[in-house]
Amino acid sequence: MNIHEYQVKQIFKEYGLPVPKGAIVTDYHDAVSAAVDLGGKMWVIKAQIHSGGRGLAGGVKLARSLDEVKKISKEILGMNLVTHQTGPEGKIVEKVYVERGVDIDYELYLGMVLDRALEMPVMMASTEGGVEIEKVAKEAPEKIIKLAIDPSIGFQSFHGRELAFKLNLPADDIPRFVKFAQVLYNIYIQDDADLIEINPLVKAASGYFIALDGKMGLDDSALYRHDDIEAMRDLHEENEVETEAKKYGLSYVKLNGNVGCMVNGAGLAMATMDIIKYAGGTAANFLDVGGAANAQTVAKGFEIILKDKNIKSIFVNIFGGIVRCDRIANGILEATKNVNITVPVIVRLDGTNAVIAAEILKKANIENLIVADNLEDGAQKAVESAKE
Amino acid sequence: MSILVNKDTKVIVQGFTGKEGSFHAEKCLEYGTNIVGGVTPNKGGQEHLGKPVFDTVSRAVQETGATVSMIFVPPRFVADAIMEAVNAKIELAVVITEGAPVKDIQMAKAYAIKNGMKMIGPNCPGVITSNECKIGIMPGNIFKKGRVGIISKSGTLTYEASNQVVQEGLGVSTAVGIGGDPIIGLSYKELLTMFEADDETDAIVIIGEIGGDLEIQAAKFIEKSISKPVVAFIAGQTAPIGKRMGHAGAIVSGAEGTAKQKMEALEEAGVTVVVSPADIGKAVKQRLS
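Note that the protein sequences, when read in sequence, are chains A and B.
Per the working numbering, the first sequence starts with residue 934, numbered consecutively.
Per the working numbering, the second sequence starts with residue 23, numbered consecutively.
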């Protein structure tokens, strides 16, 4: 799960990491009064959507007067922000974060992520703060310093010094940097984050390190022990259909093709998308109905797939194991009675009792329901049907 | 020989009396797995599926001599269950549960390694040695005895691969589902070593997914250390960047973890990489002829 920048900063603040003073608003009049309350002569107006690259897309702007605060907030609130991460459809900005400006001495990048090869969290730091870090990683990877931290010893001061000296920080700044990095590590571990990025982390004229930005991703499997963070979930930021699918134990991801897929198992579901491509078509979605597919999940699966108006055919690809194919076949028949399916459905059932299942489906003689002999045959028939 | 488990392996089940644990333990018993008991705290002394229930893993090991544990406890108790197995000197824990926090598994795995316990999973279908021992949730009837080893991140693709291998007139020695989480126990490298040394295995099938770099590590290892023919399929060739595809670990981050990179690395290592998941069986047959 991802959360908004202002929520990340709220967490930072609770742990004692310095962040600029700020206020979240949904109306430009409130933005002006927030700026007055915050004080100062310079404010930053920041669009709150779950995406990187907001600044480049025009969603983050500096205001040097209250008039500018009003003008900029009015402009950003309600705008459709298109960044390199939102896709071409963009995202509507519903909230802006108004922050008091900070006098900057220098900028850094600081982040933490799980290194899957090392199986340890890695702290990443760079002097190239304030620019797109993916770009730095590509063009000048040597400018990103990475340091694995073994959780069995946790963050030690030497970790912080190691980074600070490699960043060539001024000697006077090192103790404060080490302390900042220590707290960042604590947040990462205690809140079960899978990613934290601060870009930029600035050394302010006041002498302190301040997180000017904050991005945080959380391990979904650990949310049960973080009610406070779970409460930060913004359903507007999540795909409605994906969220609905999850409620029924289905794992759905929308894609751009026209062949709908319903599969049991995540690996087979990905492989089904792949074989559709191999057969000359494009999958409209990833859909894993789980190991225990039954009539209800299959019916729900059809409903969810058919919400996508691009669908021209549906490929049901189930490998029956413990759940026997004959039961799944009956489930499909039941589902076709309850859900109005308007496109050809190609069914491939293999595994336990597959032969009986094929008999059941053929006997039912339902128009638009095509039984496939195997995986390859199913994919080909689904792609052909989508072309007609 | 086969690898990891055989008909003599003594198995206990952690989470024995729960819904999932009961259902699958019964299927394993039907298959012929030598399940000697199970563990559910506060139910020690009872009998379940005709086998004794113990309060703790150490007691179960003491009384039954079990060396392998199949773990079915709910996600939030998984790390505790793994570490309890380590402490009781279990040699191999097969962790079926899906949805355990990454931090918990990181800690439990580190503790297991430190104390020499092998772990398979979490979030995996388990391990099966055809006609001998099934520890997990896979349909036993799909796995006909033969001389092909399977290592897979995905459950249903393991069944798919086995089914295709059988249709080609071959069979499976041992199949291991290693799981699709970001941190897992035994991986390709360790299992490839075991299959290479196993005189009942002639060829190895690897099924990978997008995300992480385990398949790339495997490719490097195969090039120097594996002489038996290897066939591979990587799922997620058409998956979009930055989207999690069902499994917690199946995500392409930035430019890392794409199917293309993995397929190229494996091909360079001399592995037969199939583009279509329907060609796994045929490719194995070809490599063996």
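Do not take every clue at face value.
[Said to hold, decoys possible] Just a few of them, taken from the derived set where beta-carbon distance is under 10 Å, the chain A residues facing chain B: (1) 1054; (2) 1055; (3) 1057; (4) 1073; (5) 1107; (6) 1154; (7) 1205; (8) 1301; (9) 1303; (10) 1304.
[As the list claims (entries may be wrong)] For lysine-lysine, the following DSSO-like pairs were computed, each having C-alpha atoms within a straight-line distance of at most 27 Å: (11) B:265 <-> A:1079; (12) A:1028 <-> A:1079; (13) B:265 <-> A:1187; (14) B:265 <-> A:1148.
Hints were generated in silico from the structure; no laboratory data involved.
Keep in mind that this is a model prediction, so the values were computed, not measured.
All C-beta atoms, glycine included, are put in the ideal place defined by N, C-alpha and C.
Hints and how they fare:
1. 1054: 8 Å, holds
2. 1055: Interface hint status for residue 1055 of chain A: violated (13 Å vs cutoff 10 Å).
3. 1057: 12 Å, violated
4. 1073: 15 Å, violated
5. 1107: 29 Å, violated
6. 1154: Holds, because the Cβ-Cβ distance from residue 1154 of chain A to chain B comes to roughly 5 Å (cut-off 10 Å).
7. 1205: 8 Å, holds
8. 1301: 24 Å, violated
9. 1303: 17 Å, violated
10. 1304: 17 Å, violated
11. B:265 <-> A:1079: Judged against 27 Å, a Cα distance of about 25 Å means the pair holds.
12. A:1028 <-> A:1079: Distance of about 34 Å is beyond 27 Å: violated.
13. B:265 <-> A:1187: 10 Å, holds
14. B:265 <-> A:1148: 17 Å, holds
Violated hints, in rising order: 2, 3, 4, 5, 8, 9, 10, 12; the structure is consistent with all others.
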